[in-house]
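Enquirer: Read off the chains here:
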Amino acid sequence: MKRLASFVLIVAIASVPPVFMRWYRAIDTSETRCGYLNLLEPDYSGELAGGVKISRAGSEVRLDFTGLTNWSKVCLTAMREDSFEFADRAEDPANRPGFHRRGRWGCNIPNRHDAVAVALIKADGGTYAHQLVIPGATWLDDSYGWDLPPGFRQCVPVHEAVARCAWVTWYGQRLCWLLFPTEPERPDHAD
Amino acid sequence: MPIERRALLLVRMAAIAAFLALSAGLLAAYSTHASTFSEMILSPLFTMLEYIDWVPLWSVALYALLLLWGVRNRRAALLFCLSLPAAVAFPVMFIGLFAANGRNVLGLNLLMTLIYPATWLLPYVAMFQAIQLGIRKREIGWTGYVCAFLIAGVYLWSAVVNDLLNSIP
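First to last, the protein sequences are chains A and B.
In terms of our numbering, the first sequence opens at residue 1 and continues consecutively.
In terms of our numbering, the second sequence opens at residue 1 and continues consecutively.
What the hints contain is simulated information worked out from the structure, not anything from laboratory work.
Please read these numbers as outputs of a predicted model, since none were measured by experiment.
The beta-carbon is built from N, C-alpha and C at its ideal position, and this holds for glycine as well.
Don't take each hint at face value.
Stated by the list, open to error - Derived SDA-like pairs: lysine to any residue, alpha-carbon spacing no greater than 25 Å straight-line:
id, chain 1, residue 1, chain 2, residue 2
1, A, Lys-53, A, His-159
2, A, Lys-2, B, Leu-27
3, A, Lys-2, B, Lys-137
4, B, Lys-137, A, Thr-182
5, A, Lys-73, A, Glu-60
6, B, Lys-137, A, Val-8
7, A, Lys-53, A, Thr-182
Stated by the list, open to error - A few chain B residues that face chain A, going by a derived Cβ cut-off under 10 Å, partial list only:
id, residue
8, Ala-28
9, Ala-29
10, Tyr-30
11, Asp-53
12, Leu-78
13, Val-160
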C-alpha cells in the first residue's frame, strides 16, 4: 500500500507540468495572442463568461450582461493592435483620463472574427477589456460588419446592459452590429 | 550476480550504448549533410521541446522499469529518470546549435542556457544520481519527493519559456 501511494505521488508530481501547461494553453486566446500573459494579474474572463447570457434566435443575437455583479458599467468597444495607424485610439484605459487597467487585459489585436470586444468598468475607473467569443458567430467577421470605428466605446450601466443586433446594410449585405439600444456615448477621439 | 547489480550493469550499458549511438549519429549527420546539419539536429529537438511538459510522465515509466529491474536506491532512480531526458536533449541541442552556427550564436547560446536552466542543472543531477544508483538501498523520502517536484518545475519552466518564445511575433 505504501509503495502504491508512493507511485501515485510520483505520477502526481510528474503530471504537474502537463496539467499546468494544458490549463495555460487553454486560457482564452484573446489574452495570449500577444504572446505575454501575466499570471499574477487577476483573471476576470471566467466571471465575464459566467455572467453574460448569450442567446440566439435565428440571425438575432442577444448579449445580456446584467448578471455581472462586480462591475458598474459595460462597454462595447473595438480593439486594435499596438502598431495600428491610429494606435492612440485603440481601446486602452491609459488613453482615457480617470481609467486604469485591471486584471489580464485582452490582447490589442483586431477583433476576432467570432468575438465582440467588451470593456468592464469598476466604479473607481478600473477597466478590464476582453474579447468575448460568441460560438458560431462567423458573421462578426471584421471584414463584414463588426469593425467599430477606432476609439468607439458604447457604455451603459450593468443593469441596463443588454446588447442586440443593430442591422446595417453594407455593400448589399445585411449585417449585425451588437450594440446597446441606447444613445451611444460620444467617442473620446471622435473625428 | 545479484539482480540489482545486473540491473545497474544493464542501465550503464544502455547509457553507454545510447551515448555512442548518439555520437555516431551526430558524426554521420555532420559528415554527410554538413549544410543541413543544424536543421537535422535541431528540428527533432525543437519538436521535443514543444512537448517537454510530457517528459516527466515518460520518466516515471522509465523509473518503473528500473524498479522492475531491481534497482534498490529508489531515490536516485527517481531523480535519475526524471532528469535524464532533458540532461541528454538540452546539451545536444545547444551543441548542435553551436556546431552549426559557431561564434555567431555564442551569445544566443549563453542566453538560452540561462533561460533554460535544464541545460546545466539536469545533466549535473543525472550524472550525480547515476553514481548514486549503485551505492546503497534507499527509499525516496520527503527530500526525494521535493527534489522530484523541483525537477518537474524545471520542465514546467522550460515549457512555459518555450511557449512564450514561440508566441513572440
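Enquirer: State for each hint whether it applies.
Expert: Results of checking the hints against the structure:
{"no.": "1", "hint": "A:Lys-53 to A:His-159", "verdict": "holds (13 Å)"}
{"no.": "2", "hint": "A:Lys-2 to B:Leu-27", "verdict": "violated (47 Å)"}
{"no.": "3", "hint": "A:Lys-2 to B:Lys-137", "verdict": "holds (17 Å)"}
{"no.": "4", "hint": "B:Lys-137 to A:Thr-182", "verdict": "violated (76 Å)"}
{"no.": "5", "hint": "A:Lys-73 to A:Glu-60", "verdict": "holds (24 Å)"}
{"no.": "6", "hint": "B:Lys-137 to A:Val-8", "verdict": "holds (21 Å)"}
{"no.": "7", "hint": "A:Lys-53 to A:Thr-182", "verdict": "holds (19 Å)"}
{"no.": "8", "hint": "Ala-28", "verdict": "violated (33 Å)"}
{"no.": "9", "hint": "Ala-29", "verdict": "violated (30 Å)"}
{"no.": "10", "hint": "Tyr-30", "verdict": "violated (32 Å)"}
{"no.": "11", "hint": "Asp-53", "verdict": "holds (4 Å)"}
{"no.": "12", "hint": "Leu-78", "verdict": "holds (6 Å)"}
{"no.": "13", "hint": "Val-160", "verdict": "holds (7 Å)"}
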